[in-house]
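**Student:** Make a model of the complete structure from these sequences and hints.
Going down the list, the protein sequences come from chains A and B. Per the working numbering: the first sequence = residues 88 to 392. Per the working numbering: the second sequence = residues 5 to 301.
Derived from the structure by calculation, the hints contain no laboratory data. What you are looking at is a predicted structure, and each value in this text was computed from that prediction instead of being measured. Don't take every hint at face value.
Across the chosen pairs, the derived CB separations fall in these ranges [claimed, not checked]:
| id | chain 1 | residue 1 | chain 2 | residue 2 | range |
| --- | --- | --- | --- | --- | --- |
| 1 | B | Arg28 | A | Met88 | 28 to 36 Å |
| 2 | B | Gly190 | A | Gly287 | 25 to 33 Å |
| 3 | A | Arg295 | B | Leu164 | 54 to 62 Å |
| 4 | B | Arg130 | A | Gly252 | 33 to 41 Å |
| 5 | B | Ile200 | A | Lys94 | 48 to 56 Å |
| 6 | B | Leu22 | A | Gly287 | 18 to 26 Å |
| 7 | A | Lys139 | B | Cys202 | 40 to 48 Å |
| 8 | B | Leu138 | A | Thr255 | 42 to 50 Å |
| 9 | B | Gln246 | A | Leu185 | 52 to 60 Å |
| 10 | B | Leu22 | A | Asn211 | 43 to 51 Å |
With the Cβ distance kept under 7 Å, some of the chain A side facing chain B (calculated, not the full set) [stated by the list, open to error]:
| id | residue |
| --- | --- |
| 11 | Val106 |
| 12 | Pro229 |
| 13 | Trp232 |
| 14 | Ile372 |
Quick reminder that beta carbons are idealized off the backbone N, C-alpha and C, glycines included.
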Amino acid sequence: MLAYTFKRAVLALLVALTVSLACFLLVHLSTDVAVAMAGEGARAEDIEFIRKQYGFDRPLAVQYADWLGRALRGEFGDSLYFRTPVARIVWERLPVTLTLGAWAILLALALSIPLGVVAAMRPNSWLDRFTLTLAVIGQAMPSFWFALLLMLLFGVTLGWLPISGSDTQAHFVLPAVALAYYAAPAIMRLTRSGMLEVLGSDYIRTARAKGLRPAAVLFKHALRNAVVPVVALAAVQLGFMLGGSVVIETVFALNGLGYLAWEAILHNDFPVVQAIVLLIALFYIVLTFLADLANGWLDPRIRIV
Amino acid sequence: MAAVLAPDELIAPTPGALMRRRARSHLGLLAGAGVLALIVFVALAAPLLAPHDPYAQDLARRLIPPIWHDTGTWAHPLGTDMLGRDYLSRVIYGSRISLLIGFVVMLISGLIGTTLGVAAGYFGGRVDLAVTYLVTVRLALPVILVALAVVALVGSSLWLVILVLGFLKWDRFAVVMRSATMQVRGLDYVVAAQAIGCSTLRIVIGEILPNVASALVVVATLEMASAILLEAALSFLGLGVQPPLPSWGLMISEAKAYMFFSAWLITIPGGALLALVLAINLLGDGIRDVAEPEGRN
Numbered sequence: 088m089l090a091y092t093f094k095r096a097v098l099a100l101l102v103a104l105t106v107s108l109a110c111f112l113l114v115h116l117s118t119d120v121a122v123a124m125a126g127e128g129a130r131a132e133d134i135e136f137i138r139k140q141y142g143f144d145r146p147l148a149v150q151y152a153d154w155l156g157r158a159l160r161g162e163f164g165d166s167l168y169f170r171t172p173v174a175r176i177v178w179e180r181l182p183v184t185l186t187l188g189a190w191a192i193l194l195a196l197a198l199s200i201p202l203g204v205v206a207a208m209r210p211n212s213w214l215d216r217f218t219l220t221l222a223v224i225g226q227a228m229p230s231f232w233f234a235l236l237l238m239l240l241f242g243v244t245l246g247w248l249p250i251s252g253s254d255t256q257a258h259f260v261l262p263a264v265a266l267a268y269y270a271a272p273a274i275m276r277l278t279r280s281g282m283l284e285v286l287g288s289d290y291i292r293t294a295r296a297k298g299l300r301p302a303a304v305l306f307k308h309a310l311r312n313a314v315v316p317v318v319a320l321a322a323v324q325l326g327f328m329l330g331g332s333v334v335i336e337t338v339f340a341l342n343g344l345g346y347l348a349w350e351a352i353l354h355n356d357f358p359v360v361q362a363i364v365l366l367i368a369l370f371y372i373v374l375t376f377l378a379d380l381a382n383g384w385l386d387p388r389i390r391i392v
Numbered sequence: 005m006a007a008v009l010a011p012d013e014l015i016a017p018t019p020g021a022l023m024r025r026r027a028r029s030h031l032g033l034l035a036g037a038g039v040l041a042l043i044v045f046v047a048l049a050a051p052l053l054a055p056h057d058p059y060a061q062d063l064a065r066r067l068i069p070p071i072w073h074d075t076g077t078w079a080h081p082l083g084t085d086m087l088g089r090d091y092l093s094r095v096i097y098g099s100r101i102s103l104l105i106g107f108v109v110m111l112i113s114g115l116i117g118t119t120l121g122v123a124a125g126y127f128g129g130r131v132d133l134a135v136t137y138l139v140t141v142r143l144a145l146p147v148i149l150v151a152l153a154v155v156a157l158v159g160s161s162l163w164l165v166i167l168v169l170g171f172l173k174w175d176r177f178a179v180v181m182r183s184a185t186m187q188v189r190g191l192d193y194v195v196a197a198q199a200i201g202c203s204t205l206r207i208v209i210g211e212i213l214p215n216v217a218s219a220l221v222v223v224a225t226l227e228m229a230s231a232i233l234l235e236a237a238l239s240f241l242g243l244g245v246q247p248p249l250p251s252w253g254l255m256i257s258e259a260k261a262y263m264f265f266s267a268w269l270i271t272i273p274g275g276a277l278l279a280l281v282l283a284i285n286l287l288g289d290g291i292r293d294v295a296e297p298e299g300r301n
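**Tutor:** Following this line, the structure appears as structure tokens:
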């Protein structure tokens, strides 16, 4: 387990380093940062001044090393649009996105694991077909459109929930539902297929044959094994959700990282964009690392590969 | 059940005939293929089908509701938007943008992903390690954010959106093609081709690709659907296709401020998106079921 953990950690670090390079190049290859920084209608002398002042005239490799060094100390410079340190503004918005992500993944798991288990217990029953239909439609539904429909129904027609802002926990309900609906189909399908596979295996037949209660067979023997890949997928989905939060947060004007990213992107505020892309990528890397460890711990066979 | 076998069923059917028979009785596949064919037809015949010019504004006829409302008119069956443009015509022309983006993005990402995946699966070893590493890095980058950022920095246009999505979305192709290639790499016909001295390129094109084709088609459909959803999201956020082009995502974005009083402005283009993506996904799932019935659950 120790060797496995070490290998995974080294890989995660390497990936994080490559991702940071991608974040850096993403901006520097897409645009001339000095021009972006000077803003519209800047004079050529001003642009040259900024280029010298911020060291944008140095080779890219030097600039990257410099940027990475400061990023490791949590310094991302000042936001061009908000005129405050990037680290502070990102730090302020982070809790909102984490709250949203946590609600969404809990909701998705609470919905899709029971549905997946029930569907696997009675394959091809009406319930199985119904949940499968729900999953297929869920995967085809544009998330922002689903969010708008939720707003129309629960915010306007029924008037139950607030539709814009992030002041109270109630503001998180609709965005969390919208985000959860995006992840739930995949988790449900994996739970279902995992349970189907496990329920057909020999040790389940043995457990049943020796007269264990059906509930004990289902939860102690079957679900425990089927849940291994689901854990990994849930972690990965949470990572994707943080990336997808830009859409949902913008729809609901929820003041988190995603909304901040959208504002920053609209105003060419590249230091903020770089910091957010890097942060979300790091979250994803950490989450998949933890998922790998969980999988390796639950299923020793994985550790060998 | 006492079934009477038709004479041609007494002879063992060929795999192709079996596949066709499974396809004919697969409801999802038929529904998906039917709806997709209909949308493709609408996109191709858009100038003939659209009752009005999708760009023509008429400020005297703004926000007319669709025909199923009391105040609807047959002159504009799906009503008009806030600039008085005929909504039916815009929805019809919008299908062209979604299909174009979905298809070209699928081609670009499919080319990149298949090349990487087949190389990793065929050569194994260091090539495999390198490709797997690239996929891991790519998956860590949030697609929507990176696409938004690049499009904003470079300046948005239809072709830039296509290029950016094409260069971001190759990961699933690579993953699936890698494992599919690994499965056939050691099979007898590949080993035989190697033994008689075929070139690597010839083995890949002549032996590997035809035998991973069904997996490739399935990923291609799913990726096309996901590219269409991504374009809609980008356009909805204002950084995809630019006005006045009638992209369905952009139409929803433009209508957002009016949706509380004129809900059809967002339900119609959203429903069109849902129908298209659902059709493509059903087709993809159906092809998988028909091509590999044993892998279904």
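**Student:** Now, for every hint given, state plainly whether the structure supports it.
**Tutor:** Each hint tested on the structure:
Remark: the range hint 28 to 36 Å for Arg28 (chain B) to Met88 (chain A) is contradicted by a beta-carbon distance near 52 Å. For Gly190 (chain B) paired with Gly287 (chain A), a C-beta distance near 27 Å keeps the hint of 25 to 33 Å intact. As the Cβ distance of Arg295 (chain A) to Leu164 (chain B) is approximately 58 Å, the hint placing it in 54 to 62 Å holds. Checking the proposed 33 to 41 Å range against Arg130 (chain B) and Gly252 (chain A) shows it is violated: the Cβ atoms sit about 52 Å from each other.
Judged by the Cβ atoms, the range 48 to 56 Å given for Ile200 (chain B) and Lys94 (chain A) is violated: they are separated by roughly 40 Å. Distance hint for Leu22 (chain B) and Gly287 (chain A): a CB-CB separation of about 25 Å, consistent with the stated range 18 to 26 Å. Lys139 (chain A) and Cys202 (chain B) have their C-beta atoms about 59 Å apart, which leaves the hinted 40 to 48 Å range violated. Evaluation of the 42 to 50 Å hint for Leu138 (chain B) and Thr255 (chain A) yields a pass: the beta carbon distance comes to about 43 Å.
The hinted window of 52 to 60 Å between Gln246 (chain B) and Leu185 (chain A) is violated, with their beta carbons roughly 34 Å apart. In this structure, Leu22 (chain B) and Asn211 (chain A) break the distance hint of 43 to 51 Å, their C-beta atoms being roughly 21 Å apart. Interface restraint check: Val106 (chain A) against chain B, minimum CB-CB distance 5 Å, threshold 7 Å, status holds. At about 5 Å, the closest approach between the beta carbon of Pro229 (chain A) and any beta carbon in chain B falls short of 7 Å, and the interface hint on this residue holds.
At its closest, the beta carbon of Trp232 (chain A) sits 4 Å from a beta carbon of chain B; the interface hint therefore holds under the 7 Å criterion. The beta carbon of Ile372 (chain A) comes within 5 Å of a beta carbon in chain B, closer than 7 Å, and the hint placing it at the interface holds.
Consistency with the previously given hints fails for numbers 1, 4, 5, 7, 9 and 10, ordered from lowest to highest.
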